[in-house]
Amino acid sequence: MERLIVDEEGKITIPQEIIHKRGLRPGDELALIETAEGLLVYQGGVDLKSQQRWDSLNENERRLAIEEARRYEALSEQEREAIWQADAESIEPEAESDEIDLPTR
Amino acid sequence: MTFQPASVLFDKNVIRRVYERRVRLALGQPPTLLQAEAANAYDRLCALTNRLYITEQIANILQRRPAVFASAFLADTRTLKKARYLRRWARRLRELSFSPEDAIIIAYGSFGIDLTMPAVGVEIIVTGDLKLASHFNARQEEIRRRFENMISSLSEPYQTLVLPSIVTPTDILLV
Chain S
1 MERLIVDEEG KITIPQEIIH KRGLRPGDEL ALIETAEGLL VYQGGVDLKS QQRWDSLNEN
61 ERRLAIEEAR RYEALSEQER EAIWQADAES IEPEAESDEI DLPTR
Chain R
1001 MTFQPASVLF DKNVIRRVYE RRVRLALGQP PTLLQAEAAN AYDRLCALTN RLYITEQIAN
1061 ILQRRPAVFA SAFLADTRTL KKARYLRRWA RRLRELSFSP EDAIIIAYGS FGIDLTMPAV
1121 GVEIIVTGDL KLASHFNARQ EEIRRRFENM ISSLSEPYQT LVLPSIVTPT DILLV
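Heads up: the sequence lines are chains S and R, in that order. Per my numbering, the first sequence starts with residue 1, numbered consecutively. Per my numbering, the second sequence starts with residue 1001, numbered consecutively.
If you are wondering where the hints come from, they were derived from the structure by calculation, not from laboratory data. Note that this is a predicted model, so its numbers are computed, not measured. Idealized CB from N, CA, C, for every residue including glycine. Certain hints may be false.
[Claimed, not checked] Under the rule of at most 25 Å between Cα atoms (straight-line distance), these lysine to aspartate or glutamate pairs were calculated in the DMTMM-like manner:
1) S:K49 / R:E1123
2) R:K1131 / R:E1142
3) R:K1012 / S:E92
4) R:K1012 / R:D1171
5) R:K1131 / R:D1171
6) R:K1012 / S:E68
7) R:K1131 / S:D87
8) R:K1012 / R:D1114
9) R:K1012 / S:D28
10) R:K1012 / S:E99
11) R:K1081 / S:D28
12) R:K1012 / S:E37
13) S:K49 / S:E17
[Claimed, not checked] Simulated DEER-style distance windows between Cβ atoms:
14) R:L1154 / S:Q85: 18 to 26 Å
15) R:A1075 / S:G27: 49 to 57 Å
16) R:T1002 / S:E34: 28 to 36 Å
17) R:E1142 / S:G27: 17 to 25 Å
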């Protein structure tokens, strides 16, 4: 982790060592992401896919997405865990009947 | 350095974080650090290969989630099925102190089958679980030895299977 100081104009200087290590050149674009915990700097941009996905939704889909997002955010951590822990797969021999044989050449 | 994985399996933590990043985006809220990392790594990998995979468990979970969030993941990824001996390998991994959940994701990395190609196993597994990644990497030699012992006793098509690498979203963003 590097410590950066913001100057009077709001500029920060990336240490030379990092510039060389990351192969940064003048004009390269970095993404500054405001997260819930602080700021992140990424080489290669922000996750455009999430933004593009959001931008591609029509008005009705956005309304649905916001409603669903509110419902999801209102869940407790325990309730969210239950969603993502569902359908855990067994590793016991009795469960092996759904395994598929690889074809022989 | 060229980083061009041919095939990638996302674990549940990564998919969950990207999903939750999109939930927060819908609400106009910033992502958490972990969500931002997972979403950026997911994005980068989507641009590098179209062989992106999830396990059957994650596919089942996503199929029950509202389509407005889940359908994009199901469109981006394919679901790996379990080839014979996947669970046997998972049980051997349990002997090396992996949890059942960790053991099965690692086993999918070698014995997960893409029926659309068909292809077996993946080059990398991306996990949001740092403990899983570090435990796997610390015991890799022993895991490899056990894996090779196991596949050498199986019939011919299984003898060419390989172990995946396990990386975190941070690793993806640093290469």
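Verification of the supplied hints:
| no. | hint | result |
| --- | --- | --- |
| 1 | S:K49 / R:E1123 | holds, 23 Å |
| 2 | R:K1131 / R:E1142 | holds, 17 Å |
| 3 | R:K1012 / S:E92 | holds, 21 Å |
| 4 | R:K1012 / R:D1171 | holds, 17 Å |
| 5 | R:K1131 / R:D1171 | holds, 14 Å |
| 6 | R:K1012 / S:E68 | holds, 20 Å |
| 7 | R:K1131 / S:D87 | holds, 22 Å |
| 8 | R:K1012 / R:D1114 | holds, 18 Å |
| 9 | R:K1012 / S:D28 | violated, 33 Å |
| 10 | R:K1012 / S:E99 | holds, 21 Å |
| 11 | R:K1081 / S:D28 | violated, 42 Å |
| 12 | R:K1012 / S:E37 | holds, 22 Å |
| 13 | S:K49 / S:E17 | violated, 31 Å |
| 14 | R:L1154 / S:Q85: 18 to 26 Å | violated, 31 Å |
| 15 | R:A1075 / S:G27: 49 to 57 Å | violated, 34 Å |
| 16 | R:T1002 / S:E34: 28 to 36 Å | holds, 32 Å |
| 17 | R:E1142 / S:G27: 17 to 25 Å | violated, 47 Å |
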